[in-house]
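**Student:** Each chain is listed here by its residues.
There are 2 protein chains.
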Amino acid sequence: MATEVTEYKQQAAQRAVNYVKNDMVIGLGHGSTAHFALLEIASRIREGRLKNILVVPCSLEVERQAQQRGIPLTTLNEHPALDLTIDGADEIDPDLNLIKGGGGALLREKIVAQASRREIIIADTSKLSPRLGTRWALPVEVVPFGLRPEIQFIQSLGAQVTLRKNADGTLFKTDQGNYILDCHFGPMKDPATIAHLLEKRAAVVEHGLFIGIATDVIVAGPEGIQHLRRKTGARSTTESPE
Amino acid sequence: MATEVTEYKQQAAQRAVNYVKNDMVIGLGHGSTAHFALLEIASRIREGRLKNILVVPCSLEVERQAQQRGIPLTTLNEHPALDLTIDGADEIDPDLNLIKGGGGALLREKIVAQASRREIIIADTSKLSPRLGTRWALPVEVVPFGLRPEIQFIQSLGAQVTLRKNADGTLFKTDQGNYILDCHFGPMKDPATIAHLLEKRAAVVEHGLFIGIATDVIVAGPEGIQHLRRKTGARSTTESPE
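Taken in sequence, the protein lines are chains A and B.
Per my numbering, the very first residue in the first sequence carries number 5; after that it's consecutive.
Per my numbering, the very first residue in the second sequence carries number 5; after that it's consecutive.
Among the hints, erroneous ones may be present.
Which copy? The list can't say, so a pair holds if one copy fits it or any two copies do.
Taking lysine-lysine pairs in the DSS-like style, the calculated list, with each CA pair at most 27 Å apart, reads [what the hints assert, rightly or not]: (1) Lys204 - Lys177; (2) Lys204 - Lys193; (3) Lys25 - Lys193; (4) Lys55 - Lys169.
No lab work stands behind these hints: they were computed from the structure.
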């Protein structure tokens with residue numbers, strides 16, 4: 005089973021990388037699925053099938069991994085508008101809204117997504133969900149200064165809140181030095197309202213709800229690869245696959 | 005003129021400190037007007053007129069100043085709900101909405117305000133304005149990682165954007181290590197919509213629009229001291245003055 009899931013992630017990643025063309029500036033997400041996209045891009049560069057690519061990494065870890073594999077890096081300050089980004093997700097609903105942040109890189113991932121013309125999400129089918137919050141807690145990045153009032157505020161919205169820790173019991177810190185609250189809301193009827201309430205809170209640096217951001221979702225599973233496209237809105241794309 | 009403005013600030017501060025009672029836990033803002041409240045509290049503690057007060061400072065600078073003057077400090081993590089906060093503002097509209105952040109402490113000031121049952125804003129009358137944005141640029145705190153895309157986004161909303169610098173020409177950094185964009189929108193017809201658009205942006209840590217947050221505004225000027233109270237909403241208070 006674990007091996008199959010790994011294969012599905014890899015299949016979705018390879019399909020997504022077909023959209024990366026020579027001379028593009030792209031974003032690359034953090035996490036086990038996006039990592040397969042990184043490996044695929046590195047291998048196509050090595051084989052000369054992909055030329056003159058620049059990558060904005062969504063975490064310090066992705067930055068290191070890309071460097072080790074000879075992928076040329078850039079920053080949003082050098083290239084504020086990206087052609088596309090390939091990233092994973094923890095949970096995906098039928099409207100292509102997402103929960104992200106299981107790996108803790110949600111802030112940079114959302115900054116990069118908002119700077120991208122196209123946001124391609126790759127996943128195995130286990131990430132599909134009828135409603136966000138069914139399978140995953142919502143990660144919320146909070147500045148240490150306001151931690152406790154924010155826990156109380158999010159509890160007042162009906163969520164059970166856990167402060168994320170590392171395996172050794174120390175507090176998990178993001179690349180920005182903030183904490184992550186994993187907020188168990190259960191299945192959300194109205195994720196956009198929860199997003200809005202969290203965005204109004206000063207201590208919330210960012211939350212893992214990606215509403216209206218993904219333009220494409222490529223999922224692989226036992227029945228093959230599916231390519232879902234956002235139906236409406238300004239970010240819709242109509243390019244043909246491959 | 006400068007001397008008079010200083011006197012008005014002091015008058016407003018002294019009036020606001022009348023609402024601080026023994027055993028309260030309060031927030032204290034950053035800036036020249038709030039500094040007079042800090043001095044007044046220190047002097048009342050010294051004279052034994054105020055007992056068992058604890059203060060949450062809104063910046064590292066306020067923390068140092070309070071320590072030097074013997075004001076007992078605490079944190080939001082020890083006291084996540086504050087009785088009241090006294091703070092200044094750069095611009096105040098007739099609905100008691102504010103622009104804050106001239107001093108760069110907007111993030112902590114908003115966190116403290118949102119954790120306070122009562123937010124008392126003190127100012128001289130020069131801070132009153134028919135419309136936010138008339139007299140002051142809107143400060144927006146942005147993570148360095150997403151600086152340039154965010155400048156472009158805010159320009160697309162129609163603002164002229166300046167990256168804040170220190171007097172010596174180096175980039176101004178907030179207590180969290182972020183940058184401040186001073187965004188010249190001009191008089192805003194709908195500050196709440198601008199706030200909402202900025203809150204949706206991942207790279208925006210916080211902005212200086214305080215909408216529906218102030219419960220009281222105490223302004224002093226040539227015609228004396230005025231105490232304005234929020235008319236509607238859950239945060240309205242009806243205590244009598246002094």
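**Student:** The structure should be examined with respect to each hint, and the outcome stated for every one.
**Tutor:** Against the structure, the hints come out as follows:
1. Lys204 - Lys177: both (22 Å within a copy, 23 Å between copies)
2. Lys204 - Lys193: Intra 19 Å, inter 20 Å, cutoff 27 Å: intra and inter.
3. Lys25 - Lys193: neither (39 Å within a copy, 44 Å between copies)
4. Lys55 - Lys169: neither (40 Å within a copy, 39 Å between copies)
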